[in-house]
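Colleague: Each chain, letter by letter, is given below.
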Amino acid sequence: MASYLLIESRDPFESNDVRYFYELAASLARAENDVTLFLVQNAVLAARAGEHASWFADLGKAGVRVLADDFSLRERGIAKARLSDGVTPAGVEAIVDRLGSGARALWH
Amino acid sequence: MSTSDSDASTTITFVLNDPPYENARSTTAFRLIDSALRRGFNVNVFAYEGAVALPFARQTPHANAVHGHDAAAEDHPNTKDWVAALLAEAAERKVKLDWVNCGLCVDERGVAEAIPGTRRGSPADLLRFSEGSRSTLVIPTR
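These protein sequences, in sequence, are chains Z and D. Heads up: the first sequence begins at 1 in our numbering, then just goes up one per residue. Heads up: the second sequence begins at 1001 in our numbering, then just goes up one per residue.
So here's chain D without its partners, still in its complex pose (with noise of 0.2 Å):
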């Protein structure tokens, strides 16, 4: 899937960096994904580095001794869903998010098996975006 010169006036490209579960990042761009479809932007997501492991589908929720929860009555949410409800949220918005992991992230993280409705890609798929965008955010690392 790519964006035509026709979207960029109504595209927005974020590029994230960040791991699962290590940094507030994380969360505030999923925020930010989110209201940008939800205010019908046609959104592209170009993951770099341990970001890649944001859509991993092996992950796995856990029980909480400490809780007293088994993994049903703890409830912990694995990234991979909530990207997943992003994608969810664009095809019932009728606008596009296109998740792109970059190959070479991912081959050396192990962790090629991404849910549906991402792909594989490399920073030529960036370059695409960020022509295609009226802007582009990247979020850093620190």
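Only chain Z is shown next, with the shape it has when bound in the complex (with noise of 0.2 Å):
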């Protein structure tokens, strides 16, 4: 089993190749990797409870650990009470500590 760090920074509703990555994230959970997608930048417009919230619970129930950047949150003016279930703020720090145990990157 792997580690893999994927980081997403786009916002879905700008670019269509966002759910690919999502996508991504889910196949490798799938096979039994340990998976957590970070969500930066404007992918945390994505975070935000709504009618896509499924999106994050399907990758949870593939085993996905989402985070979204809490800085990225405050910039935008998003409240963690307005999050989808299944995303959880987080530091930039959770991105330093999964490199540093060597997981593999990929940012997107």
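These are computed hints drawn from the structure, not numbers from a lab. Glycine is no exception: its CB is placed at the ideal position from the N, C-alpha and C atoms.
Chain Z is faced by these chain D residues, among others (derived, beta-carbon under 7 Å): (1) I1012; (2) A1024; (3) T1028; (4) L1032; (5) S1035; (6) A1036; (7) R1039; (8) F1041; (9) R1134; (10) S1135; (11) I1139.
Here are a few chain Z residues that face chain D, going by a calculated C-beta distance under 8 Å: (12) S9; (13) V92; (14) E93; (15) I95; (16) L99; (17) G100; (18) G102; (19) A103; (20) A105.
Once you've looked at the hints, go ahead and assemble the two chains, each given alone in its own frame, into the complex.
Modeller: In structure tokens, the structure reads:
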């Protein structure tokens, strides 16, 4: 089992290929890898609860851990109470610690 | 300066590509490097393409007529100051920050004057960085 860190920086409502990155995370998790999807910059816009919230519920069911950069959330005025279930705020330390543990990292 | 095999477990490499002031990726990169240093990791930075201008020594702050500020009052930060701050942070914490600018990228952009503490290199340095690190994170341009 390998450890993967997928960092998504783009808003899925702006860029269609973000959903493919989510699917990559789910595929890696279904293959029994340890997978973290970290949302940063405009990617946190998708972390708000709404009609699309099933995306992250599905990722959670696949075994993906979804984190959202708390700095990016504050920049965009997104309160923690407005986040989708299954999305956890975190600092960039979460990225650094996983890199320090040898996670295979991809930035999109 | 190069990382030895014994440093590999405590070293992270970041590869940057974005020029200064153009994208939030630069800010996020600085946050990540700062966090890694504060957590005691040795850090390598390989700057490609526009990112070689991040530590360009000739950057200057500017006034802002809309704000009614002169340069001092506007206090507009330059990225070279942030790179210098990261180098100082590393020294204070007794960890390594090895910042290398891709030499060919430097030449074609005319930004050879970089702040002290950074150095010119080549893709061979990136290979050594990657081989000597626990992980390598490439932050690509769009």
